[in-house]
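Chains as they are written, first to last, in this note's numbering: chain A, 146 to 331; chain B, 15 to 227.
It should be emphasised that the hints constitute simulated quantities derived from the structure, not laboratory data. Mixed in with the good hints there might be a few duds.
According to the in silico footprint, chain A covers these stretches of chain B (three or more CB under 8 Å from chain A) [to be verified]:
1) 67–80
2) 142–152
3) 169–183
Derived pair list, reagent style DMTMM-like, types lysine to aspartate or glutamate, alpha-carbon separation capped at 25 Å [claimed, not checked]:
4) A:323 to B:208
5) A:269 to B:65
6) A:269 to B:54
7) A:269 to B:61
8) B:155 to B:208
9) A:215 to B:64
10) A:215 to B:65
Every residue gets a Cβ at the ideal spot worked out from N, C-alpha and C, and that includes glycine.
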Amino acid sequence: MWEIGLPLPFAASVPDHPTEAELAEACRRGNVRAFERLYQLHSARMKSLSFHLLGSRADAEDTVQEAFLKVCRAAHGFEGHSSLSTWIYRILINCCYDAIRKRQRLAESPAPPDFRAETNVPLKVSLQRALSALNERQRMVFLLFEVEGLRHSEIAAVLEVPEGTSRSWLFEAKSQLKRLLTEAPK
Amino acid sequence: MKFECGDLDRAMANSDLLPEAREHFKTCAACRREYRLWNEISTTARELHEEWDTPALWPAIRETLQAERKPEVFWWKQWKTWAIAAALAIALAVPLRMWRHSVLTTPTAQTSSSATPDFLTEQALHEVETSEAAYRRSIEKLSELAAPKLAAASSPAVVNEKERLSLLDSAIAETRANVASNRFNIRLQTALADLYRQKQETLHEILNHDAKN
Numbered sequence: 146m147w148e149i150g151l152p153l154p155f156a157a158s159v160p161d162h163p164t165e166a167e168l169a170e171a172c173r174r175g176n177v178r179a180f181e182r183l184y185q186l187h188s189a190r191m192k193s194l195s196f197h198l199l200g201s202r203a204d205a206e207d208t209v210q211e212a213f214l215k216v217c218r219a220a221h222g223f224e225g226h227s228s229l230s231t232w233i234y235r236i237l238i239n240c241c242y243d244a245i246r247k248r249q250r251l252a253e254s255p256a257p258p259d260f261r262a263e264t265n266v267p268l269k270v271s272l273q274r275a276l277s278a279l280n281e282r283q284r285m286v287f288l289l290f291e292v293e294g295l296r297h298s299e300i301a302a303v304l305e306v307p308e309g310t311s312r313s314w315l316f317e318a319k320s321q322l323k324r325l326l327t328e329a330p331k
Numbered sequence: 015m016k017f018e019c020g021d022l023d024r025a026m027a028n029s030d031l032l033p034e035a036r037e038h039f040k041t042c043a044a045c046r047r048e049y050r051l052w053n054e055i056s057t058t059a060r061e062l063h064e065e066w067d068t069p070a071l072w073p074a075i076r077e078t079l080q081a082e083r084k085p086e087v088f089w090w091k092q093w094k095t096w097a098i099a100a101a102l103a104i105a106l107a108v109p110l111r112m113w114r115h116s117v118l119t120t121p122t123a124q125t126s127s128s129a130t131p132d133f134l135t136e137q138a139l140h141e142v143e144t145s146e147a148a149y150r151r152s153i154e155k156l157s158e159l160a161a162p163k164l165a166a167a168s169s170p171a172v173v174n175e176k177e178r179l180s181l182l183d184s185a186i187a188e189t190r191a192n193v194a195s196n197r198f199n200i201r202l203q204t205a206l207a208d209l210y211r212q213k214q215e216t217l218h219e220i221l222n223h224d225a226k227n
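Take the sequences, apply the hints, and build the full model.
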């Protein structure tokens, strides 16, 4: 899931198949190749997660850029108490929340759309809409586990909660989604 | 334990209960539909992962990083370093030169033989002054000898010499005053010696005037 063994022939100063520790060390030294490697490994998933949290690709790209710059600027102080990937996702999620708060300050949040089941809409669309009705922690765990494929141990590290809490929040999220998707439209 | 419809949520949270739940599904269409939807949510969720190309994103990040990074400039290539060094050199050179000047113009410091050509050492000055005193005394004797002739000067030549002596005495007095304020100046000492020499020659001319005539 967090594999970092993809070839990187143009990264002269970074091993072709760096371990996470090697990559973390190179990032600590400010090696731009290492940052690029990190970007290659995680940007797709970061963009997707941001997209689901913010609702637009443009906002997602801006947030990923901001998060990555923060990662690069702070990398020299990365002490390795968590994995590099955990640290990156934590920064990204904070950036997303900052963007959401900024957006809320600038304008009133629109009324949440009606996510109740529509028989003529594919499940993917209904699910996407229903996700917006979940609370923050349920949506986050669902996105990380079911959409982006992180393990509960990784989610627990990113969100800094026990692994059992991650499982519990996921169950809550799916139960809520199931209820929203099966409720008959009024 | 007999699995019932109300146990379905527990089975979804705890996979240990799933075998019993599956037995229940064989006879309960409602629970079967719920379980299928539960699984479909997970299956469909994977399709929600969004991927799109962003070829400009990494270059933008890299450019921002590069712009933030200050280029490494070695200290010896920085103009400020050289400006500070030059300022320090000037700040040190001025007092040093002043100190050196004061040392060289102080008599006690003139024992060194490394004085500049414009300045006499204490020893050389002593010798010059001694010679000058002896020279002056000998010229005064000449003046005493010439005094009667000058007092009775009648020929134009002697009158001219008398005027010349007057000018020389005036120049000697002025130069001696300058030497008194700048004793180590070799040029002033040389000029004074030259004036004495001219006075001596003039006195000889006066004394020899009668002998020639």
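Here is what the structure says about each hint:
no.	hint	verdict
1	67–80	holds (count 9)
2	142–152	violated (count 0)
3	169–183	violated (count 0)
4	A:323 to B:208	125 Å, violated
5	A:269 to B:65	16 Å, holds
6	A:269 to B:54	10 Å, holds
7	A:269 to B:61	7 Å, holds
8	B:155 to B:208	18 Å, holds
9	A:215 to B:64	23 Å, holds
10	A:215 to B:65	23 Å, holds
When held up to the earlier numbered hints, the structure conflicts with 2, 3, 4 and fits the remainder.
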